[in-house]
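Asks: Start from the sequences, fold in the hints, and give me the full structure.
The listed protein sequences correspond, in order, to chains X and P. Take the first sequence: its letters are residues 140 to 334, numbered as in the working numbering. Take the second sequence: its letters are residues 7 to 166, numbered as in the working numbering.
These are calculated hints, taken from the structure and not from any lab test. Treat the hints with caution; some may be incorrect.
[What the hints assert, rightly or not] So, partial list: chain P residues that the calculated Cβ filter (under 7 angstroms) puts toward chain X:
1. MET12
2. MET14
3. GLU16
4. PHE19
5. ASN44
6. THR60
7. SER61
8. SER64
9. ALA71
10. GLY75
11. PHE152
12. ILE155
13. ASP159
14. ILE160
15. PHE164
[Unchecked claim] Quick list of simulated restraints, FRET-style, between CB atoms:
16. P:LEU79 - X:GLY267: 18 to 24 angstroms
17. P:ALA72 - X:TYR145: 27 to 33 angstroms
18. P:LEU120 - X:ASP317: 51 to 57 angstroms
Model, not experiment: these values are computed from the prediction. Even for Gly, the Cβ is constructed at its ideal location relative to N, Cα and C.
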Amino acid sequence: MSFINYMAREINCKIVYYGPGLCGKTTNLQYIYERTSPDAKGKMISLATETERTLFFDFLPLSLGEIRGFKTRFHLYTVPGQVFYDASRKLILKGVDGVIFVADSQIERFEANQESVENLRTNLAEQGYSLEKVPYVVQYNKRDLPNVLPIEELREALNPMNVPDYEACARTGPGVFDTLKAVSKLVLTELKKGA
Amino acid sequence: MVNPQMVMYEEEFNQIQLVVDRLVREANAKVVFIVDKNGQLIAASGEVDNIDTTSLASLTAGNIAATGGIAKLLRENEFSTQFHEGENANIHIQLVGNRVILVVIFDSKSSLGLVRLRVRKASDELNRIFESLLSKVQEPGGDSPFAEITDEDIDNLFND
Chain X
140 MSFINYMARE
150 INCKIVYYGP
160 GLCGKTTNLQ
170 YIYERTSPDA
180 KGKMISLATE
190 TERTLFFDFL
200 PLSLGEIRGF
210 KTRFHLYTVP
220 GQVFYDASRK
230 LILKGVDGVI
240 FVADSQIERF
250 EANQESVENL
260 RTNLAEQGYS
270 LEKVPYVVQY
280 NKRDLPNVLP
290 IEELREALNP
300 MNVPDYEACA
310 RTGPGVFDTL
320 KAVSKLVLTE
330 LKKGA
Chain P
7 MVNPQMVMYE
17 EEFNQIQLVV
27 DRLVREANAK
37 VVFIVDKNGQ
47 LIAASGEVDN
57 IDTTSLASLT
67 AGNIAATGGI
77 AKLLRENEFS
87 TQFHEGENAN
97 IHIQLVGNRV
107 ILVVIFDSKS
117 SLGLVRLRVR
127 KASDELNRIF
137 ESLLSKVQEP
147 GGDSPFAEIT
157 DEDIDNLFND
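Replies: Listed below in structure tokens is the structure:
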């Protein structure tokens, strides 16, 4: 649910990075943070454990520029990926405008990906959303690693709805901004439809 | 969608700003701000230049969400008030009308009792303003600036 402020002439949207533990959600945000000019970004917040696993969420506010005189601001959130943090994950989906599913391309994480997509579907439904309706893109991360599954196989299992999907390597950057742009576009298009 | 779109108009914004400005004075607070439950900052007043209100907004909403989660597990409807005491700064967080969050940051120049008293009064006023805002948003026929945006406008955002 985006927030339109006529007084400040701002549109604020919330985008959530979802995916299994250690798939690279926080790494996506860190890369975006490092590569964005200081005037376009706010502080990045990470609520993480001592071993740098996300405990509650990461948060990064970004300004994209103006559209028809309105500043567009995107709030990027990640969820904690580990299975037992489900209660926290649910909370972060509240009021979401767009979702990026970050898949771990490694063969041994195939089932974890599937489980996480199912979990996303369930948790969205609990908030009254459906994966079919919410702006949604998929990212196949870690494409630079040797033990990865072919894209076709991942696509078949994780993207049956054929939403926009991208190959990425969040550590070094390829695909990171493509994924963000894709979901941002979908969110703004949705805003236009709902207007 | 389950929740109606959150929209803020000039008239209501000014009313809200009046309430938070007054609360800063009457509660002897350093900073007062209002956040919606999704973490978007709605209004702020006081010494806001020295603090990162965007981050505070997001963390406060996360805090309220987590506390709400705890409440649910204990079969409570909601814990509507939270208070965190520090060495120099204290923070009082109040859920208003289960819709927005009113945050007051204060130091030793004020007291919890005073803050609670003033927050209660301000909450009632804010509740009324947000009710009327919500009914306005739900009225059909409101013209939105986004009906007119084109795919090109959206593409232009990303051409840099």
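Asks: All the hints need checking, so say for each whether the structure fits it.
Replies: Here is what the structure says about each hint:
Residue-level restraint check for MET12 of chain P holds (minimum Cβ-Cβ distance to chain X is 4 angstroms; threshold 7 angstroms). Satisfaction of the interface hint for MET14 of chain P is found here, the shortest Cβ-Cβ separation to chain X being roughly 4 angstroms, below the 7 angstroms cut-off. Because the closest C-beta pair between GLU16 of chain P and chain X is about 5 angstroms apart, less than 7 angstroms, the hint holds. Hint status for PHE19 of chain P relative to chain X: holds, with the closest Cβ pair at about 4 angstroms, below 7 angstroms.
Contact between ASN44 of chain P and chain X, as hinted, is supported at the beta carbon level, the nearest pair being about 3 angstroms apart and thus within 7 angstroms. Restraint check, THR60 of chain P versus chain X: the minimum CB separation of about 5 angstroms is within 7 angstroms; hint holds. For SER61 of chain P, the interface hint holds, since its Cβ comes within 7 angstroms of a Cβ in chain X; the closest pair sits about 5 angstroms apart. The beta carbon of SER64 of chain P comes within 5 angstroms of a beta carbon in chain X, closer than 7 angstroms, and the hint placing it at the interface holds.
Using the Cβ-Cβ criterion of 7 angstroms, the hint placing ALA71 of chain P at the interface with chain X is satisfied: the shortest such distance is roughly 4 angstroms. The criterion of a C-beta within 7 angstroms of any C-beta in chain X is met by GLY75 of chain P, whose closest approach is roughly 5 angstroms, and the hint holds. Below 7 angstroms, beta-carbon pairs count as interface contacts, and PHE152 of chain P has one with chain X at about 4 angstroms; its hint therefore holds. The interface hint given for ILE155 of chain P holds, since its Cβ lies 5 angstroms from the closest Cβ of chain X, which is under the 7 angstroms cut-off.
Because the smallest distance between the Cβ of ASP159 of chain P and any Cβ of chain X comes to about 5 angstroms, under 7 angstroms, the interface hint for this residue holds. Taking 7 angstroms as the C-beta contact cut-off toward chain X, the hint placing ILE160 of chain P at the interface holds, the least distance being around 5 angstroms. For the restraint placing PHE164 of chain P at the interface with chain X, the shortest Cβ-Cβ distance is roughly 5 angstroms, inside the 7 angstroms limit, so the hint holds. Separation of LEU79 of chain P from GLY267 of chain X is about 20 angstroms and conforms to the stated range, judged on CB atoms against 18 to 24 angstroms.
Under the hint 27 to 33 angstroms, the C-beta atoms of ALA72 of chain P and TYR145 of chain X, about 31 angstroms apart, fit the expected range. Range check, LEU120 of chain P to ASP317 of chain X: Cβ separation about 53 angstroms, and the 51 to 57 angstroms hint holds.
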